[in-house]
Structure formats: C-alpha cells, structure tokens
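Below are the chains, spelled out letter by letter.
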Amino acid sequence: MSAQAATRAPRLATTAGRTVRRTKPAPTLKPLKRDEKGVPIPHVNLIVRDTHRSRLADHYFQTLQDDLMYMTYVHEPSPRKPPRPVRLAYDPNDPYTKHRYNPPLGGNRWSKQLPPPSAPDNIVQLERIQIHSMIKAAAGSRVNLLGPIMALRAITGANEQAGGQHTAEGVQLVKGRKNIQGWVRPGLPVGVKVDLKGPQMYDFLSILVEFVLPRLREFQGVAMEGPSSRLDKMSAASGVVSFGLPPQALGLFPQIEVNFDAYPQPFGMHIHFVTNAKGIGAQNRARALLSGFQIPFTRS
Amino acid sequence: MWSRNVASVCRHRTRACLRAPSRSLASVAETPSPLASSSTSDASTPNVVLNAAVILNRSPILTRTPTLFERAYYAYQSRIRRALFNPFPTDFYFKTGSLLEKKFAKEEKLREREAFGGPWMLKRRKAGPAAMDEDGILIASTDQLENMGEEPVDPPAPRIHEADKTGDVKSLDRAGERNLYLLVRGKDHTGKQVWRFPQGGLQEGEFLHQAALRDLQAECGVNMDTWIVGKKPIAVYQPSLPESTKKALGGELYTFFLKAHILAGQVRPDGKNVTDFAWLTKQEIEPRVEKDYWASVKDILSDF
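First to last, the protein sequences are chains Y and A. Okay, so the first sequence: first residue is 1 according to the numbering used here, each after it adds one. Okay, so the second sequence: first residue is 1 according to the numbering used here, each after it adds one.
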C-alpha cells in the first residue's frame, strides 16, 4: 500500500499547478572500503566526540569547583603593586637600545611568583594525566616494551589518532637523550608514556580511585612533605602532583585483571596529575583538587 | 540566566559577586567582637552583632538525566565509534572456544544489532522495546544470562526514590540529581517563626567557622557528619532593622554564611529552638524564606 501511495504522490502534486520531476530512488549504499588492517574507511573525515557523560567531570563542575573557589580564595582588596625592577633596564625609547634583550637578573624566578589573583576563571582544574614507566630491560632488547605498550593501551584506551582526532597521541615511546655509560644512549627507547585528557582522563581517574588504590596492599596514601617545607620550590609551585604505583598495582586494573597472564612482566608506573594551578603553593591547591576526587594523602 | 554553578555566576558578574561583598567582609572583620565593642561603645563606632549560619549541602548522588538531545547525540557518537573502532582482539582476551568467548560474542552481537538495527530488531520492536537504562545502554535481561549458566544480577535501584513519590522533604534520598540544602524552622532575630538556615551567635574569641560548626550541632544535633568548606564566609545577610530592634539586639546584625557538606547522618532538631527541618532545592527554598533573606543567599545556591 505504501509503495503505491509513493508512486502516486507526484501526480497529485501536479494538480497544484507545479510540475514535479520524477525522482530517482536513493542509491543503495555499498559497504565501506576497508584498509589493510580491516578497519572500515568512511566516506568523510569523521571525528568521534564524547560518547557518554563523564561522571567525574560532572562532579567537578557541580561540587568541586565551588568548594575549591571558596577554599583557595585569597582576599586582595587593593590591586597588586607592579614588581620592582631588580636592576636598571635598557631604555626602550632610546633607538640605540630599543630591541635589546632585557633578561631579568637571576632568571625569571617563576617558582617565586605569587599565584594569580583569585577569580572564578582560574579555579584549579585538572588539565591532563600523564602515565609513564621506565622499563630497564628495554635497554637490552626493545621487545620488552611491547608488554608495557599493550598494558597502557588497555588501561587508558588511548590510541594514536583515535576517533579521527589528530591530537590523540596514544602510547608513546620515551627515548634516551643523554649518553650515560652502560645505561642509556641517545635515541635508545627506554620507556613508554601516555597523556590523557578529557573524558578518558576522568575515566582513568575513577578506575584508579575505585579499583586500584583501595585494593593496593600497604598503601596509606600519597605521601606529602612536612608542613615546614618551602612553598616556592619548583615542585611545590608547578601545580603538578605525582606519585608512583608499584608493579603489583598493574594487576589491579580491571582491564588487566581479566587476562593478567597475557602480559609478560608487571611493571610499575609514575602518574602525574597536571593542573592549571601556578605560583607559590600551587601543589597544595592541586592536592586539594585531587583530594576532592578521593585520592588519599598522608603526611610522611 | 540559567547558570550551572556558583563559579559561573561569579564569572558573569565578577564585580557584583566577588568585589562588593568581599570588601564589606573585610571591613566587618576589622570590627571587634560584640562583647568587646559593647564595653567601649560610643556614638561614632556602631556596635555589631555577628551570627554564623551554615548552608548545609547534600551534593547530587545521581548523575543528571541526559536531555533528549544529549541522548541522541551520545547514541550517534557511540554508533560512529562502534562502526570505526579497531577489531577487538578476541584471541588476546579469551581462550579460543571457551564459554566466556561465546558469551562475549553473543553479547557483542546483541550490542551490534542494538546499535545498527537489522531484521532481528524489527521483530524485537514488535515484541516490545528493549530494556535500556538512562544513558541508552542495553541492560541484559536475566534469561540471557541464565543461558550462560550464571546467576542473574540485581537490577539497579530506580532513579526516583520513594521519598520523591511521597513528597517527603526530610529524606536525604530525595531528588538525587539535585543539590539539596538544609532549611530549619526556627526563630529569627525578631523572635518570629521563619524558615532559615541553621545559625547562631558567636562566642568571645571564636572564629566564624568554629561558631558555625558549634551552632549547627546545637540546632541540628550531633547525629551528623559534616565538613565546613574553608574558613571564609561566602555570603552575608544584613537586615535593615528599626532602631528599637537594634537597641534590643545590641547593634547592627550581620549573619555570615559558611558552606558545609553533609557526609552521613541526619538532622535531629532539638524541638525548642528548631521545630522542623527540610532538605530543599534552590527553587523550593525561594517561596519559604523572606525576600531580603533570599536576595542575600540566592547567588550562592546551585541551580541544579
């Protein structure tokens, strides 16, 4: 019935005073071509965006962001004074010294700078998570890197150019830069690393917090320095929180747990949480953020 | 303006939200405590009475229900991802011919058909819609799992709690997707029974955040685990009082609000100062409180 109605429809339309050209049926879709790996090649450049809401990102924007704004607020009733020039600078109005480079005395001292004034725009936020692992055995034979590459791909789901996004770098090899006798040569692959951003980052964080850290034996929390440590050290002012996981932790990731025997050698890893916090005491603000994601911290 | 959280309100109105109240906070903090100021009172320095109030928040316990557009968008992106992803390395994860591999292949077939349809889908649609959860993910029915010789999994709890159906505003399980705030019914500064946030006065030499915790426990009982966020007040309420009331109180009244989270437990009102309590969303709070009180707290409550 419906097919008949469709063929009659143009004749009815002519009665309205216009001629409607008979249209061709839509071409039947051929199956997509496949590349040498068997992956279908789409007709257009597709970019895969988010496929679900990120639970931890929602938690950050609904609860954590407000709390961190209240906790890290520093009251500055008057505008800040401009920094005092350490030494006389070349006069930029003098044509002779106009473009002369004026290096600040003793470097720019970035770790001694005050954090930017409290504003809703610079509330501390997680920017990326970097996981990296140095595999000593890789210096002898680079085949030993295959297991860690597979394991990191399984843990993070990161893939080079995944979803058509050219910024997705996937798991990368870390190569030696210096020549250290009997250990590293320049260009020698010695480890693997992966950078996570966006929903992938939050997925990894939730797995770490809910599956790995609670089951880790003799884990009291991420150790912090004592309260008397300086806040303007480079590590304390860069807004990065780092800690390491022992090789036993690898088997606790659910993606590895299902076929733990398939991986040749468990390995430990370093995890860096990179935030947008800057200036004196930035690491403490980053810790406050991570604590809101339920990563435990202890005083050593 | 439909704002998402307090930070975004501040981003739109930085001057109104951050600058003006913070300046007044600083000037008030300079003034001595009421007891000290009453001893050295003269006409030029007006006395002040400080109160600490607690905005006790229950954060959302459920993820937000996606809108129709969001569901369609995520379903579309999931289909693209499914169509383009690398072939799954079955032999890496399963022993060939194992029961687990068969189970996975069966489930995968189901998910594939659910995403892209097919003749089998038409049959299913006639029979009835598939069981999907809120994010459009297929929930495996119990009989499919029984076929593989496994115990059925309990279905997840419904997103709408019984307290939502009965309209019980005292339950902490109500409105799981929303931010809830504790409102108590008690006397205000004029002695009138009103709905307000739990509050109380400051003792001598006490800080605001200490007073806030003490006053919260005095009015709502100790049967609660709470955490006061930071030591700084986030809002101030200054009622315009007639001279007689000011004299009775001992000076100008300032109520500072501090944010807190409830982690466990429930309110037990003492029945004297506080007779009733309710866990309410921002939109439910507005009709219950006075207009000027609402004006001073509305920007620090979350819209969602």
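Hints should not be assumed to be uniformly reliable.
From the derived model, a few chain A residues whose C-beta atoms are all more than 12 Å from chain Y [what the hints assert, rightly or not]:
| hint | residue |
| --- | --- |
| 1 | Arg113 |
| 2 | Gln203 |
| 3 | Phe207 |
| 4 | Gln217 |
| 5 | Val274 |
| 6 | Val289 |
Per the computed footprint, the stretches of chain A lying under chain Y, defined by three or more beta-carbons under 8 Å from a beta-carbon of chain Y, are [as the list claims (entries may be wrong)]:
| hint | stretch |
| --- | --- |
| 7 | 56-65 |
| 8 | 179-186 |
BS3-like, lysine-lysine: derived pairs with alpha carbons at most 25 Å apart [as the list claims (entries may be wrong)]:
| hint | chain 1 | residue 1 | chain 2 | residue 2 |
| --- | --- | --- | --- | --- |
| 9 | Y | Lys278 | A | Lys231 |
| 10 | A | Lys272 | A | Lys192 |
| 11 | A | Lys298 | Y | Lys33 |
| 12 | A | Lys247 | A | Lys192 |
| 13 | A | Lys187 | A | Lys272 |
| 14 | A | Lys95 | A | Lys187 |
| 15 | Y | Lys37 | A | Lys106 |
| 16 | A | Lys165 | A | Lys187 |
| 17 | Y | Lys278 | Y | Lys112 |
| 18 | A | Lys232 | Y | Lys278 |
| 19 | A | Lys247 | Y | Lys37 |
| 20 | A | Lys106 | A | Lys192 |
| 21 | Y | Lys193 | Y | Lys278 |
| 22 | A | Lys282 | A | Lys170 |
| 23 | Y | Lys37 | A | Lys109 |
| 24 | A | Lys232 | A | Lys247 |
| 25 | A | Lys298 | A | Lys231 |
| 26 | A | Lys272 | Y | Lys37 |
| 27 | A | Lys109 | Y | Lys30 |
| 28 | Y | Lys24 | Y | Lys81 |
| 29 | A | Lys192 | A | Lys109 |
| 30 | A | Lys170 | A | Lys187 |
| 31 | Y | Lys193 | Y | Lys178 |
| 32 | A | Lys231 | A | Lys247 |
I should point out that these hints are in silico values taken from the structure, not numbers from a laboratory. Yeah, the Cβ is synthetic: ideal placement off N, Cα and C, and Gly gets one too.
Evaluation of the provided hints:
Look at Arg113/A: its CB is around 17 Å from the nearest CB on chain Y, clear of 12 Å, so calling it non-interface holds up. Distance to chain Y confirms Gln203/A as a non-interface residue, since its nearest Cβ pair spans about 24 Å, more than 12 Å. Under the 12 Å C-beta cut-off, the non-interface status given to Phe207/A relative to chain Y holds; the minimum distance is some 15 Å. Every C-beta of chain Y lies more than 12 Å from that of Gln217/A, the closest at about 21 Å, which supports listing it as non-interface.
With a minimum CB-CB distance of about 25 Å to chain Y, Val274/A clears the 12 Å threshold, and the non-interface call stands. In this structure Val289/A is separated from chain Y by more than 12 Å, as the shortest Cβ-Cβ distance comes to about 21 Å. Three residues within the 8 Å Cβ limit are the bar, and the stretch 56-65 of chain A against chain Y gives 4, so the coverage statement holds. Check on the stretch 179-186 of chain A: 1 of its residues sit with their Cβ under 8 Å from a Cβ of chain Y, so the three-residue criterion for coverage is violated.
The suggested pairing of Lys278/Y with Lys231/A holds, with an alpha-carbon distance near 22 Å, which does not exceed 25 Å. The straight-line distance between the Cα atoms of Lys272/A and Lys192/A is roughly 14 Å, inside the 25 Å bound, and the hint therefore holds. The straight-line distance between the Cα atoms of Lys298/A and Lys33/Y is roughly 57 Å, outside the 25 Å bound, and the hint therefore fails. At most 25 Å may separate the alpha-carbon atoms for a hinted pair to count; Lys247/A and Lys192/A meet this at roughly 17 Å.
Straight-line distance between C-alpha atoms of Lys187/A and Lys272/A comes to about 10 Å, which keeps the hinted pair within the 25 Å bound. With a CA separation close to 71 Å, the supplied pair Lys95/A and Lys187/A exceeds the 25 Å bound. In summary, the hint linking Lys37/Y to Lys106/A is supported, as the alpha carbons are separated by about 24 Å, within the 25 Å threshold. Proximity of Lys165/A to Lys187/A is assessed by CA-CA distance (about 31 Å); at most 25 Å being required, the pair is judged violated.
For a cut-off of 25 Å, the pair hint linking Lys278/Y to Lys112/Y stands: about 10 Å separates their Cα positions. Distance restraint check for Lys232/A and Lys278/Y: the Cα-Cα separation of roughly 22 Å lies within the 25 Å cut-off, and the hinted pair is therefore satisfied. Distance check on the hinted pair: Lys247/A and Lys37/Y sit about 85 Å apart at the alpha-carbon level, beyond 25 Å; violated. Using a Cα cut-off of 25 Å, the hinted pair Lys106/A and Lys192/A is violated, with the two alpha carbons roughly 67 Å apart.
In summary, the hint linking Lys193/Y to Lys278/Y is supported, as the alpha carbons are separated by about 24 Å, within the 25 Å threshold. Taking the CA atoms of Lys282/A and Lys170/A, the gap is near 15 Å; set against the 25 Å cutoff, the hint holds. In summary, the hint linking Lys37/Y to Lys109/A is supported, as the alpha carbons are separated by about 21 Å, within the 25 Å threshold. In summary, the hint linking Lys232/A to Lys247/A is not supported, as the alpha carbons are separated by about 28 Å, beyond the 25 Å threshold.
Taking the CA atoms of Lys298/A and Lys231/A, the gap is about 20 Å. The hint holds against a cut of 25 Å. Between Lys272/A and Lys37/Y, the direct Cα distance comes to roughly 75 Å. Violation of the 25 Å bound is thereby established for this hinted pair. At most 25 Å may separate the alpha-carbon atoms for a hinted pair to count; Lys109/A and Lys30/Y meet this at roughly 21 Å. Distance check on the hinted pair: Lys24/Y and Lys81/Y sit about 74 Å apart at the alpha-carbon level, beyond 25 Å; violated.
Proposed proximity of Lys192/A and Lys109/A is contradicted: the alpha carbons are some 66 Å apart, above 25 Å. The hinted pair formed by Lys170/A and Lys187/A meets the criterion: a straight-line CA distance of about 20 Å does not exceed 25 Å. For a cut-off of 25 Å, the pair hint linking Lys193/Y to Lys178/Y stands: about 18 Å separates their Cα positions. Distance restraint check for Lys231/A and Lys247/A: the Cα-Cα separation of roughly 30 Å exceeds the 25 Å cut-off, and the hinted pair is therefore not satisfied.
Checked against the numbered hints above, the structure breaks hints 8, 11, 14, 16, 19, 20, 24, 26, 28, 29 and 32 and satisfies the rest.
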